[in-house]
Amino acid sequence: MAISETTRTGLREIADRYPSARSALLPMLHLVQSEENEITVEGINVCAEVLGITPAEVTAVASFYTMYKRRPVGKHHIGICTNTLCGLLGGDAVWDALSAELGVGPNEPTPDGEFFLERIECQAACTHAPVMTVDWEFMDDVTPRGACEVIEKLRRGETVRSTRGPVIRDFDATEHTLAFPLDGLADAPSVDSKMLAGLTIAKQRGMKAP
Amino acid sequence: MITTGLTPVITEHWDAPDLYTLDGYRRFGGYEALASALKQDPDAIIGQVKDSGLRGRGGAGFPTGLKWSFVPQNDGKQHYLVVNADESEPGACKDIPIMMADPHVLVEGVIIASYAIRANHAFIYIRGEVPNAIRKVAFAVEQAKAAGLIGKNILGSGFDLDVVVHSGAGAYICGEETALLDSLEGYRGQPRLKPPFPAVAGLYASPTVINNVETIANIPFIIGRGVEWFRQFGTEKSPGFKVWAVSGHVNNPGLFEAPLGITMRELLDYAGGVRGGGEVKFWLPGGSSVPMLTAEHLDLPLTYEAMAEAGTMLGTGTPMIFDSTVSVVKAVTRWLEFYKHESCGKCTPCREGTYWITGVLEKFEHGHGTATEMDTLVNLCGQIAGRSFCALGDAAATPYPAALKFFRQEFTDATHTPVDGTFDPVASYVFAPAVAR
Numbered sequence: 001m002a003i004s005e006t007t008r009t010g011l012r013e014i015a016d017r018y019p020s021a022r023s024a025l026l027p028m029l030h031l032v033q034s035e036e037n038e039i040t041v042e043g044i045n046v047c048a049e050v051l052g053i054t055p056a057e058v059t060a061v062a063s064f065y066t067m068y069k070r071r072p073v074g075k076h077h078i079g080i081c082t083n084t085l086c087g088l089l090g091g092d093a094v095w096d097a098l099s100a101e102l103g104v105g106p107n108e109p110t111p112d113g114e115f116f117l118e119r120i121e122c123q124a125a126c127t128h129a130p131v132m133t134v135d136w137e138f139m140d141d142v143t144p145r146g147a148c149e150v151i152e153k154l155r156r157g158e159t160v161r162s163t164r165g166p167v168i169r170d171f172d173a174t175e176h177t178l179a180f181p182l183d184g185l186a187d188a189p190s191v192d193s194k195m196l197a198g199l200t201i202a203k204q205r206g207m208k209a210p
Numbered sequence: 211m212i213t214t215g216l217t218p219v220i221t222e223h224w225d226a227p228d229l230y231t232l233d234g235y236r237r238f239g240g241y242e243a244l245a246s247a248l249k250q251d252p253d254a255i256i257g258q259v260k261d262s263g264l265r266g267r268g269g270a271g272f273p274t275g276l277k278w279s280f281v282p283q284n285d286g287k288q289h290y291l292v293v294n295a296d297e298s299e300p301g302a303c304k305d306i307p308i309m310m311a312d313p314h315v316l317v318e319g320v321i322i323a324s325y326a327i328r329a330n331h332a333f334i335y336i337r338g339e340v341p342n343a344i345r346k347v348a349f350a351v352e353q354a355k356a357a358g359l360i361g362k363n364i365l366g367s368g369f370d371l372d373v374v375v376h377s378g379a380g381a382y383i384c385g386e387e388t389a390l391l392d393s394l395e396g397y398r399g400q401p402r403l404k405p406p407f408p409a410v411a412g413l414y415a416s417p418t419v420i421n422n423v424e425t426i427a428n429i430p431f432i433i434g435r436g437v438e439w440f441r442q443f444g445t446e447k448s449p450g451f452k453v454w455a456v457s458g459h460v461n462n463p464g465l466f467e468a469p470l471g472i473t474m475r476e477l478l479d480y481a482g483g484v485r486g487g488g489e490v491k492f493w494l495p496g497g498s499s500v501p502m503l504t505a506e507h508l509d510l511p512l513t514y515e516a517m518a519e520a521g522t523m524l525g526t527g528t529p530m531i532f533d534s535t536v537s538v539v540k541a542v543t544r545w546l547e548f549y550k551h552e553s554c555g556k557c558t559p560c561r562e563g564t565y566w567i568t569g570v571l572e573k574f575e576h577g578h579g580t581a582t583e584m585d586t587l588v589n590l591c592g593q594i595a596g597r598s599f600c601a602l603g604d605a606a607a608t609p610y611p612a613a614l615k616f617f618r619q620e621f622t623d624a625t626h627t628p629v630d631g632t633f634d635p636v637a638s639y640v641f642a643p644a645v646a647r
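Same order as they appear, the protein sequences are chains A and B.
Going by the working numbering, the first sequence opens with residue 1, and the numbers climb by one from there.
Going by the working numbering, the second sequence opens with residue 211, and the numbers climb by one from there.
One thing to keep in mind: the hints can contain errors.
[As the list claims (entries may be wrong)] For the chain B half of the interface with chain A, some residues (derived, Cβ under 10 angstroms), not all of them: (1) Pro227; (2) Phe272; (3) Pro300; (4) Ala302; (5) Glu339; (6) Pro341; (7) Gly458; (8) Gly482; (9) Ala520; (10) Val542; (11) Cys557; (12) Thr558; (13) Pro559; (14) Glu562; (15) Tyr565; (16) Trp566.
[Unchecked claim] From chain B, some residues computed to sit far from chain A (all C-beta separations above 12 angstroms): (17) Asp228; (18) Gln283; (19) Val340; (20) Gly361; (21) Val456; (22) Thr504; (23) Leu508; (24) Lys573; (25) Leu590; (26) Pro635.
[Stated by the list, open to error] Listed below are several chain A residues computed to face chain B (Cβ distance under 7 angstroms; list not exhaustive): (27) Leu85; (28) Leu196; (29) Pro210.
Simulated from the structure, these hints should not be mistaken for lab results.
Backbone N, C-alpha and C fix where the C-beta goes; we use that ideal spot for every residue, glycine too.
Isolated chain A, as found in the complex (with noise of 0.2 angstroms):
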């Protein structure tokens, strides 16, 4: 698949945002990813191209960041954080639910392309574990059933709203996102009550800061 007019103008003004063009090629590199639904060769060398380097000089990057994937993804990514305390508090049987539910293991897709299923590390939630996403967005304190139900509904198509985030779109609309992060949704509600656990307390008692 050609990259099309419209990416290749998307990368010419990343790279403008930098005193050095270079500075630009991972969120290029995510655009890209965003038209593509993985990192093609195409991909890689258009970067190459936008920024006068060789493609193997993208290739060396593209291949050292775990956000870029080598085969499609599909529609939705799934993580499931499988670190130390996400995993001992549950994120482990997430982990065996999800994977048995979909019939597949760790960075793999589903065959109908629907669903791509990583085992995260630490997703900076640890408060709200086990933490799941969808697509990059958060979805805070997931039980095995409950992620098996988002997951049943985004194959019915219902919508799913992130805990801390937008409602759920798609791996694609994420990562163009994070190529161009003006993307009208930074309204979503992204403050819960365990971000407000101290606040609410010292509300409640009186506490204050001098």
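Assemble chain B onto chain A, guided by the hints.
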């Protein structure tokens, strides 16, 4: 008994639904510190941050003002401010919430810090796996630009600043400041040899300051309310307040802002205590890279100095609590699997060492470890610590010796019995078996 009160400063207005907007932030005095800063000499700002005693909240605790003062002034070179928003340390979960709840406090801090170190370009490097933090910060930057708080001649001061929000792409190592710089330059995120330090030759080989999100979020308060006000909190060597993120087997996990020097027991109390009225088995003050402590350490003040004295580190100040249902062997093995996965491969001790430690620990997890290997692992960790290119290797060499110190018997048990046989995994889950279908 609780003696140290909660002191919401950074988190004080997080319950205001529009805090993430410019109007919401301004309603609580937002950007007033910036206006005041721009009327002062940049060196005076550096002086105040130095006098405040603020120490970096990313884990190392280096004095922020001192770091800023290392940037050579009037050298005719372009200077850069880079915010390390790559929060990926297992257990750390306070920078992402700050960015999602109150992105403007970060932006205001960025502008003040850039002015102080005479940087006309600032970058906020946010890990790619948190699009919701990235969009919030990008939105705040855009609003600040539209309001003339970023751009040319900010508030008539003659100071120009461009701020770029940058998305990472999945690599824990990019939290290491020089790896972050390589990544920001469009390369693989691998650490650089130091010296030269970033203050002299950082981004694009120019003088650069790299600060953590929470560190920068402190700046508007220090400049706005003053050094004396700031020093009311905490101790002489660890002044200020901290957004403590308490996770694990507690009844009320979450974020609690309180002065440095609060004890884990006090924080634990705010967090509702250990679930089911149980006991703390082990806990880590700030991320998996700091040595674990046990219930006997709950009354120590959470300060940089007290944690160092206890043989650990304050780290990110985000305590993880584990109760008696958890196998320490399993916990440590999982952390090592993480370090192995995240080792960038640049240096041999870390690349090979994490591979070998993990392999041996996995034997213990399955009940096949040997007494000899318990000692071999100590040796192996000793060969990595201090011999690696960056702190990731040191961190990887940390969990096992600390665990062995307190829980030797568990490793001995794991020479004949799989840990899942000794510790039922289901018991450590935070949900009832009924929802585990």
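Structure-based check of all given hints:
This hint holds: Pro227 of chain B has a C-beta 8 angstroms from the nearest C-beta of chain A, less than the 10 angstroms allowed. Hint on Phe272 of chain B is violated. Least Cβ distance to chain A is approximately 21 angstroms, over the 10 angstroms limit. Hint status for Pro300 of chain B relative to chain A: holds, with the closest Cβ pair at about 4 angstroms, below 10 angstroms. The restraint placing Ala302 of chain B at the interface with chain A holds, with a minimum CB-CB distance near 6 angstroms, inside the 10 angstroms limit.
Checking Glu339 of chain B against chain A: minimum C-beta separation of about 5 angstroms stays under 10 angstroms; hint holds. The criterion of a C-beta within 10 angstroms of any C-beta in chain A is met by Pro341 of chain B, whose closest approach is roughly 5 angstroms, and the hint holds. The interface hint given for Gly458 of chain B is met, as the beta carbon of that residue sits about 6 angstroms from the closest beta carbon of chain A, less than 10 angstroms. Taken as an interface hint, Gly482 of chain B checks out: its beta carbon lies about 9 angstroms from the nearest beta carbon of chain A, inside 10 angstroms.
Taken as an interface hint, Ala520 of chain B does not check out: its beta carbon lies about 21 angstroms from the nearest beta carbon of chain A, beyond 10 angstroms. Using the Cβ-Cβ criterion of 10 angstroms, the hint placing Val542 of chain B at the interface with chain A is satisfied: the shortest such distance is roughly 8 angstroms. Interface restraint check: Cys557 of chain B against chain A, minimum CB-CB distance 15 angstroms, threshold 10 angstroms, status violated. Hint on Thr558 of chain B is violated. Least Cβ distance to chain A is approximately 18 angstroms, over the 10 angstroms limit.
Interface hint at Pro559 of chain B: violated, since its Cβ lies 20 angstroms from the closest Cβ of chain A, which is beyond the 10 angstroms cut-off. With 10 angstroms as the threshold, the beta carbon of Glu562 of chain B stays out of range of chain A, its nearest partner Cβ sitting at about 18 angstroms, so the hint is violated. The interface hint given for Tyr565 of chain B is violated, since its Cβ lies 17 angstroms from the closest Cβ of chain A, which is over the 10 angstroms cut-off. Hint status for Trp566 of chain B relative to chain A: violated, with the closest Cβ pair at about 19 angstroms, above 10 angstroms.
The claim that Asp228 of chain B is not at the interface with chain A is violated, since a C-beta of that chain comes within 12 angstroms of its own (minimum 9 angstroms). For Gln283 of chain B, the requirement that its beta carbon stay farther than 12 angstroms from each beta carbon of chain A is met, with the minimum near 20 angstroms. At roughly 7 angstroms, the least C-beta separation between Val340 of chain B and chain A is not larger than 12 angstroms, which violates its mark as non-interface. With 12 angstroms as the threshold on Cβ separation, the claim that Gly361 of chain B sits away from chain A holds: the shortest Cβ distance comes to roughly 14 angstroms.
Val456 of chain B, annotated as away from the interface, has a beta carbon of chain A within 12 angstroms; the closest lies near 7 angstroms. With a minimum CB-CB distance of about 17 angstroms to chain A, Thr504 of chain B clears the 12 angstroms threshold, and the non-interface call stands. Remark: the non-interface label on Leu508 of chain B is consistent with the geometry, its nearest Cβ contact in chain A lying 18 angstroms away (cut-off 12 angstroms). Its beta-carbon lying about 18 angstroms from the closest one in chain A, Lys573 of chain B satisfies the requirement of being farther than 12 angstroms from that chain.
No Cβ of chain A comes within 12 angstroms of the Cβ of Leu590 of chain B; the nearest lies about 20 angstroms off, and the non-interface call holds. Residue placement check: Pro635 of chain B does not keep its beta carbon more than 12 angstroms from all beta carbons of chain A (closest about 6 angstroms). The restraint placing Leu85 of chain A at the interface with chain B holds, with a minimum CB-CB distance near 6 angstroms, inside the 7 angstroms limit. With its C-beta approaching chain B no nearer than about 6 angstroms, Leu196 of chain A sits inside the 7 angstroms limit, and its interface hint holds.
Checking Pro210 of chain A against chain B by beta carbon gives a least distance of about 6 angstroms; that is within 7 angstroms, so the hint holds.
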